[in-house]
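Asks: Given next are the chains, with one letter for each unit.
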Amino acid sequence: MLFPLKYRKIIEHHLFKDFIKMLFFGLLSLILGLVKFKISGLEGATSDFREIPFLLSIIYIGNPVYLVGVSFISAIGALSIDAFLPTFISHAVAIVISSYVYKYFIGSKKYGLIQIIIFWFIYVLIFYYVLIIPLLVISSSLNGLSDGLDFLTYYGRYAHSARFEIISTTLVTTLFLIQYLTRKELEKHKNKLEYLVKERTEELETANEELKSINDELYDKSEIIHQQNDELKATLQNQKETQTQLIHAEKMVSLGVLTSGVSHEINNPLNYIMGGYIGLQRYFSQNASNNKEIDLFLHSIKTGVDRATQIVKSLNQFTYDSGSMDELCDIHAIIDNCLLMLQNQLNNKIEIKKNFCKENIFIEGNISNLHQVFINVFTNSIHAIDKKGSVFIKTDKNSSKVVIQIKDSGVGISKDHISKITDPFFTTKNPGEGTGLGLAITASIVKKHNGSIEFLSEKNAGTTVVLKFPLKNE
Amino acid sequence: MSKRKILYVDDEQINLLLFEANLKDKFEIILAESAMNALKIIAGNKDIDVVISDMKMPFMNGVAFIEKAKLDLPDAKYYILTGYGMTDEIKEAMDEGLVLKKFDKPFRINEIINEIEK
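Protein chains in written order, with this note's numbering: chain X, 1 to 474; chain B, 1 to 118.
Hints in this document: simulated from the structure, not taken from any laboratory.
Keep in mind it's a predicted model, so treat the numbers as computed, not measured.
Any given hint could turn out to be false.
Reference listing, derived: stretches of chain B covered by chain X, where coverage requires no fewer than 3 residues with Cβ under 8 angstroms from a Cβ of chain X [what the hints assert, rightly or not]:
hint	region
1	2–16
2	29–41
3	80–86
4	92–106
Short derived list, chain X residues pointing at chain B, Cβ under 7 angstroms [claimed, not checked]:
hint	residue
5	Ala83
6	Asn191
7	Ser260
8	Leu270
9	Tyr272
10	Met274
11	Thr303
12	Gly304
13	Val305
14	Thr309
15	Asn316
16	Tyr320
In this text, a Cβ means the ideal position worked out from N, Cα and C, and glycines have one as well.
The shape of chain X in the complex, shown without the other chains (with noise of 0.2 angstroms):
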């Protein structure tokens, strides 16, 4: 800060700065008319510049004494003692009225800048013809400076002598005004401006925060709609399943039912061949025959009728749910049992390869919904396979967990689709061919055993379903 805050006060105050005005212009007039006496050359000249700083006080200083101040100042430089007091008496009265001319004709702002340079121009001619000059002369006549001429050949003479510095004043002050003029102007209009921004600005500022406002609510909004989307595609995801289950529930229970009817009427031929088998086998044994061609009639007999009965049997596993998850489920003949049911789609075509730990594997669950796990699975590795193929089978178990692999030589599952395959009703399969309930039914069997399903696989690569379950320990 330039200056403390207590001379602040005093610099700023409007009297001490007309006083500073004052004494500007006042001794900016008394040098220019100095100039004419003390710099060599211009001494004869009649003419000076010290109306222009004198004229112009008028507009910076609104104050009547201060403007009788600087007439003082300013008439200092008057040749003598005795030029001094009519040239200040004179200036004094001019400056005073030309001031009130001015605060009425151009301060009131009634008229346009054309309108009053033109006044000006005229007005300055007004003022030394009306004012100065005459006042000058009669105030020099009655300090006897008048050299004993009368008013008007005095007059006449001075008018003569001062029509350059008439001519000269009168251009500089107007162009002077001028510029003046038209700076306020454009300052007003900045002032305008810089007001007009500053209301746009503000009225931005308020729309903005309006703007805002809606956009929070709008955000609000946004998040009650996505919360409800999100509570609508979790209710839709939960029927879904639901469904899943609905339709696996009921397709288990006509299976059954098939199953269990047609496995009693087949049991029951079964046992009749079974019953001769035996007796036969007793009759051969008792009457000992040596063809060795009976044995190999008795022996295909039982050959049949033990397949038969085990594919019977797998299917009774497959679809009798004991509703109990507390069953001694042995994998390694739960897997037999599968690949039994699926016998007729394996043909020649796909290769089975087992590689099975060497001690039984036992888990807690169900028989038939472990059934329907790998049914699934295999089913899924067959479909996949085009001519031909193999699947790898491999369990293992360490102290806590049972381990199966089920690696097949298939087509693989495509990135896009590998997150979804578990996903009811998803499917790549026609229409009619698979209801896309295969797997979303396997997972949600697994997860009841505790257990987890991961599919590791890429396109034209084959897939790998890796099953893992809680060991039972004995």
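Please arrange chain B on chain X, whose structure you already have, making use of the hints.
Replies: Chain B alone, transformed into the frame defined by chain X:
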């Protein structure tokens, strides 16, 4: 030691005949082609050791028959021999101790012999 007495109930004649033919050397076999008939036989033969019944028969199924038979002959061993897989009804009967075991058709002769001779 005299042969054990087995009552075998089945509505199909061939099953009855084959059962008898295959087991008559080891046991004394009594056959019944219906549950009603079997109950009559039980009334007159309180020394029957083992009752083996088919499950699916007209008028009265195996479990219902055994329930009735057990009232008259509580000390005999009761078995089901059926072509059906496991059903809730059989499982329940086994849980209650009404039926000791379910044999599957086609029957395995050694399984039956071992069980009875236990």
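Asks: If a hint holds in the structure, say so; if it doesn't, say that too.
Replies: Status of each hint after checking the structure:
{"no.": "1", "hint": "2–16", "result": "holds (count 3)"}
{"no.": "2", "hint": "29–41", "result": "violated (count 0)"}
{"no.": "3", "hint": "80–86", "result": "holds (count 5)"}
{"no.": "4", "hint": "92–106", "result": "holds (count 3)"}
{"no.": "5", "hint": "Ala83", "result": "violated (143 angstroms)"}
{"no.": "6", "hint": "Asn191", "result": "violated (98 angstroms)"}
{"no.": "7", "hint": "Ser260", "result": "holds (6 angstroms)"}
{"no.": "8", "hint": "Leu270", "result": "holds (4 angstroms)"}
{"no.": "9", "hint": "Tyr272", "result": "holds (5 angstroms)"}
{"no.": "10", "hint": "Met274", "result": "holds (4 angstroms)"}
{"no.": "11", "hint": "Thr303", "result": "violated (13 angstroms)"}
{"no.": "12", "hint": "Gly304", "result": "violated (11 angstroms)"}
{"no.": "13", "hint": "Val305", "result": "holds (6 angstroms)"}
{"no.": "14", "hint": "Thr309", "result": "holds (6 angstroms)"}
{"no.": "15", "hint": "Asn316", "result": "holds (3 angstroms)"}
{"no.": "16", "hint": "Tyr320", "result": "holds (5 angstroms)"}
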